[in-house]
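Chemist: Here's the letter readout for the chains.
There are 2 protein chains.
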Amino acid sequence: MAIDVASLAPLFAPESVAVIGASSEPLKIGGRPIGFLKNNGYKGRILPINPKASEIQGLPAFPTLGDVDGPVDLAICAVPGAHAMATLKACAKKGVRSVVMFSAGFAEVSEEGRIAQAEMASFARQSGIRLMGPNCMGIANVRTGMIASFHPAFMFPQPKDGHIGLVSQSGAFGGHCMQMARERGVGFSYMVTTGNEADVQASDALAYLATDPHVAVIMLYLEGCRDGARMIEALEIARRNNKPVVAIKLGRTDAGAKAAQSHTAALAGADNVFEAVFKQYGVYRAYNIEEFFDVGVATSIGCMPRNNKVGLVTVSGGVGVLMADDAAARGLDVEELPAATQAKFKKLVPFAGVTNPLDVTGQIMNDRTLLEQAVNLVLDESDYGSLVCFQGASSADPQFAADQLAVWSRVKARFPDRLVTVSGLLSADFIKVLEANGIPTSRDPTHSLRAIAALHGFAKAFAEPFSRPHVALATQHLPSGSLNEIDAMAVLAHAGLDVVAERLATTADAAVAAADAAGYPCVMKVVSADLVHKSDVGGVKLNLADQHAVRAAFDDIMRSVKSAAPKAKLDGCLVAPMITARGIETIIGVTQDPVFGPVVMFGLGGIFVEALHDVAFRLAPFDDAEAHRMIREIRTYKVLEGLRGAPASDIDALAKALAAVSRFAAANVGQQVSLEANPFLVRPRGQGAIALDAVVTVGVPAHIV
Amino acid sequence: MAIDVASLAPLFAPESVAVIGASSEPLKIGGRPIGFLKNNGYKGRILPINPKASEIQGLPAFPTLGDVDGPVDLAICAVPGAHAMATLKACAKKGVRSVVMFSAGFAEVSEEGRIAQAEMASFARQSGIRLMGPNCMGIANVRTGMIASFHPAFMFPQPKDGHIGLVSQSGAFGGHCMQMARERGVGFSYMVTTGNEADVQASDALAYLATDPHVAVIMLYLEGCRDGARMIEALEIARRNNKPVVAIKLGRTDAGAKAAQSHTAALAGADNVFEAVFKQYGVYRAYNIEEFFDVGVATSIGCMPRNNKVGLVTVSGGVGVLMADDAAARGLDVEELPAATQAKFKKLVPFAGVTNPLDVTGQIMNDRTLLEQAVNLVLDESDYGSLVCFQGASSADPQFAADQLAVWSRVKARFPDRLVTVSGLLSADFIKVLEANGIPTSRDPTHSLRAIAALHGFAKAFAEPFSRPHVALATQHLPSGSLNEIDAMAVLAHAGLDVVAERLATTADAAVAAADAAGYPCVMKVVSADLVHKSDVGGVKLNLADQHAVRAAFDDIMRSVKSAAPKAKLDGCLVAPMITARGIETIIGVTQDPVFGPVVMFGLGGIFVEALHDVAFRLAPFDDAEAHRMIREIRTYKVLEGLRGAPASDIDALAKALAAVSRFAAANVGQQVSLEANPFLVRPRGQGAIALDAVVTVGVPAHIV
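Sequences listed follow chains A and B, in order. According to the working numbering, the stretch in the first sequence is residues 14 to 718, in order. According to the working numbering, the stretch in the second sequence is residues 14 to 718, in order.
If you're looking for bench data, these hints aren't it; they were derived computationally from the structure. Treat the hints loosely; a few may be bogus.
Identical copies look the same in the list; a pair holds intra-copy or inter-copy alike.
Claimed, not checked - Here are the computed lysine-lysine pairs in the BS3-like style, where the Cα-Cα straight-line distance is at most 27 angstroms:
id: 1; residue 1: LYS547; residue 2: LYS651
id: 2; residue 1: LYS322; residue 2: LYS292
id: 3; residue 1: LYS651; residue 2: LYS106
id: 4; residue 1: LYS41; residue 2: LYS360
id: 5; residue 1: LYS669; residue 2: LYS580
id: 6; residue 1: LYS173; residue 2: LYS445
id: 7; residue 1: LYS669; residue 2: LYS271
Just so you know, these numbers come straight off a predicted model, no measurement behind them.
Same shape as in the complex, but just chain A (with noise of 0.2 angstroms):
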């Protein structure tokens, strides 16, 4: 189902609040929304629904839904599971226009609770009303007060200048969000807990939030997927927008995998096809909290740098040469200064060192001015998108620290496209000045670094023209089952694969016939697709010379196998001449994920790669460019480009053949094909690149491993 932001408007920026199962007692759940609300300077209506009492926390009551006097944007569930139908029903009666849904007890904890969710479901989209959860923690709009949540969190204020927006399939989760972010003193624009998603998904909260001006960027924190297409719609969208998203996915590991299955009913899809559905997209995967947060929050605050070459400057040199070593293993540049540059600074600080880092050393405690000029010497003189600067202590002398506010609100100022940021033990209060100002802060450098590495990411993936191919190849009806090599390279080649020319022979004649055709030397294989491994039964022969050679060898594949393999349907032989052109062999792989539908693997051939699981994962279809940015992700990418004086591969024909299979299997995404090309052999550039062999089933869906 496609995305509809406009219908999310009452849930995420509502004029009136009703809440159903309204308490007196501030700490029920159903009494917490209603001081939240009062308490965060919520403007719109608040409307508290109980039968029993006519005032609610000092605001007037309602005893029904039905004798509210005006619309209702967004009823707050807060009733028991039993009766969450009713009150929905209740809702669709009065007209209003959407749910957030504290009640539990649905499809987390039973099938019977699978059913009534569903049953919910399905009348809420027939009476027109968005509904957030069952089972989940609601949503707050931190800027306008909206917070229609019980999450203890809101207990305190929070921050309203923020433009994060938050979206959490668990409401635990996204509350520690929010209580780590009033304890750094940042701003969330929205906190989204989707919790069941009966109606509302993750995506659909991303689709909006993505729409939202007060939202510089989303972070996301999934534990599965449902609907891999909205998700797919929800992040094109963000990505159209230039809104980056940070995500948090678990299951990477089996481990965690298993522990997500107990702990949410929802179905994963295989994580490495999530991990290609996020380079896709330009989406920055985090792997713990602290760097969930640490990053979107730096991304909210920080400029894109245009460029990934760092400075650095630092108060230790020790420290100077960690800050290089980081960033040289988190793919920034650490180029080195001008000769010039470092020779001014040599004359400021004879023993400084001067190449990259900068040591400005513990002169700027006796020169007070030496930190400005260092940094407006880097900056003017060379052209980092980046810098990072390594304060230790220093600030904690108060009228030092005032004196360097002062000179980073300067800096800024002068060097307002340049993502500037400072590392050190900086306090509470100069982290906020700070930030205010444009320059995120860390502890230590190293986050300093993994801040500029992700915002240069999302610099890199935005410059990048963004369009997924139309798939203009019609859908080919294709035969269901197993195919044999000779139907398999034939889906290959109308794929658009170069594929090596193979001809079937039912007889010892037709063979010789077909090896003239094909030229010599040539190869035979027995075709049937009841056979995998051919050569165990005896159905390969390689390096045939002459006629004679290949008619003995027709007669000899046909006896063992049947030997071998007596129960096997035999089609014939395939022969196909003898491909002894240099290149390197790779995969080429086609799998069905049960979320996001067609995936494209990638990888070089060989026992070594399978020890390593050295494989890149994109969704079909793609282009040109992404199969070369999938090309270049894989960790053997290297002996492509030719390895010890090798000549390097066509990878130009390999990024067209992986496009193209892309293509394929998105027209005949109903077919569920699952094929492999391996060997697909790759030779020297402007030689092209052609499957040697094949795998192709079709009906059957197959999970990758």
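Starting from the known structure of chain A, fit chain B onto it as the hints suggest.
Modeler: Below, chain B alone, put in the same frame as chain A:
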């Protein structure tokens, strides 16, 4: 030079400290140590030396060292570099036993400085003075208040009950750690900064701390190392005393190595050799300050877990899954709880996740006995060596925090030998109580899991019997320069490797006789120390079936090589049996590290390995057990175990070969042997391993690539 720990006592635990260049101004470099010694309760004599004052900061001052009544264990030299040598001479005259020299302007600035420093070192050695520095921030024995440093970190009181000894070649870095320690409320027993290391090196300090009962863990910051043997000796002392070492070493990337070079004059050695040394001695290597500090602190607090199984308890299901992912990614075992235990907890909280993680859910806020019940259940009914409990922000409520502290105190008393850790948004006071109780804490569970993995690494390293093998092998006199293949193979055979039998033939007749002895098919290769790429000059013939082929091949090779490489000195042709046995091609190498001496390298053969740099290093000599660990370290190790039904390789034979080569390299350390057995064919289990080709050079120091 061997380490003399006893001679360092006057430096680390002096009973009297003179300050030469003592100042009345407490902020001056010559004033600070006096204030620090006074304010930190140092019980020994503090002896300010100043010709112009009779009293300094309330203490009687002496005009010269010679005027001091009684002995002086340690003299702090806080005079300009130009007066350092004179001061050292005065110290010698007085019989001072150790000197901490703050003075700068030596090897770190110029060649003259380097010479002056060498003179001081030599003078100190002759005078029996242990000299720390010059250009260092001194040493602090925090427990005794003996602060012989001028770092501003000591302006504030440090916790005195710590068990962490810090050795840092950088003064600024050492001070930064002390500032972090104070902020965190963590105690260090020593901070030692070694500066230019004219005499006392980081290795000496490491060895001293490894023998000190107040040191439970040593944190080591290294920029480089001049004396590999001394570092090895220190690490052996630490290893024998079961003192965990957490190290951070600069220059792991090219950018970092370059920056380090411009920052320090110290000889670095190859980073991968340091990495190997750390592995060999069970040292934990950290890559950033936070990791260095966190792991060091956790190691000083927590016990070593008995196994790598970790129990996970969480108030948030999502965070529980993240922990499971993180634990698995760190190589910890997230074994499920026994079914009976799961059932017991389900009775307490029916909707809880109970596999592992155990999700206690927000219920712990309602049932305040639940946390303790859960943790006891998990630890009682499993053999998890360690546990992480994620509490979120639940301790924000003061009453609940007090309850929780009592719970953790009881848990730790009940399970003293389990490594129990707590993670969440904890207050500083909460952290202090837990950590005093032996429970390491973190704000993010990923850091608890990192600490657990580190502590488990120490447990594993310390459980292995530690022995560097004696080198029984006699030194063999080798011809110097590049050896031809015959001689090179003889060297490998002498080292104890199986080598393919090669015979040298200088005539076609001799070649035929050699082939008859070798058996058919055979191979022939030109023998010349001048030719590296023998195939390129037509110098190799494979698969020779009979005498006729051998005779023709001899003539072919000679003709073709003479024409392609007329200047090469040809020793003849070697004849060897053609090895067609199955096996995995590997590479065994020996190189000479400028710091650590002979190093053994191992990896699989082939271009994939070259693309991946998938190799392991070890310092020679080592035993079979270490060789087994080395072999298992490469990422492509699975290939040796047999993939796709291939037979497992003879890993025992491979390990024996690596250990043999390491003994050979150690025995011939004076001759600078570099060798490479490539390919070294490892056959299926039970069938041994054999060198098929070799390159050996003698007397030419070669760097590791």
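Chemist: Indicate, hint by hint, whether the structure satisfies it.
Modeler: Checked hints:
In the homo-oligomer, the alpha carbons of LYS547 and LYS651 lie at most 27 angstroms apart only across protomers (25 angstroms), although the nearest pairing inside one protomer, at 32 angstroms, exceeds that limit. With identical chains, the CA atoms of LYS322 and LYS292 are at most 27 angstroms apart within one copy only, with a shortest distance of 22 angstroms there and 33 angstroms across copies. In the homo-oligomer, the alpha carbons of LYS651 and LYS106 never lie at most 27 angstroms apart, since the shortest distance is 65 angstroms inside one protomer and 65 angstroms across protomers. Proximity of LYS41 to LYS360 under the C-alpha cut-off of 27 angstroms is restricted to the inter-copy arrangement: shortest distance 25 angstroms between copies versus 67 angstroms within a copy.
Proximity of LYS669 and LYS580 under a CA criterion of 27 angstroms is satisfied in neither setting, with 40 angstroms inside one chain copy and 48 angstroms between copies. For the identical chains of this complex, LYS173 and LYS445 are intra-copy neighbours only, at 14 angstroms inside a copy versus 32 angstroms across copies, given an alpha-carbon limit of 27 angstroms. When the C-alpha separation of LYS669 and LYS271 is checked against a cutoff of 27 angstroms, the pair qualifies neither within a copy, at 37 angstroms, nor between copies, at 40 angstroms.
Comparing the model with each earlier hint shows violations of hints 3, 5 and 7; every other hint is respected.
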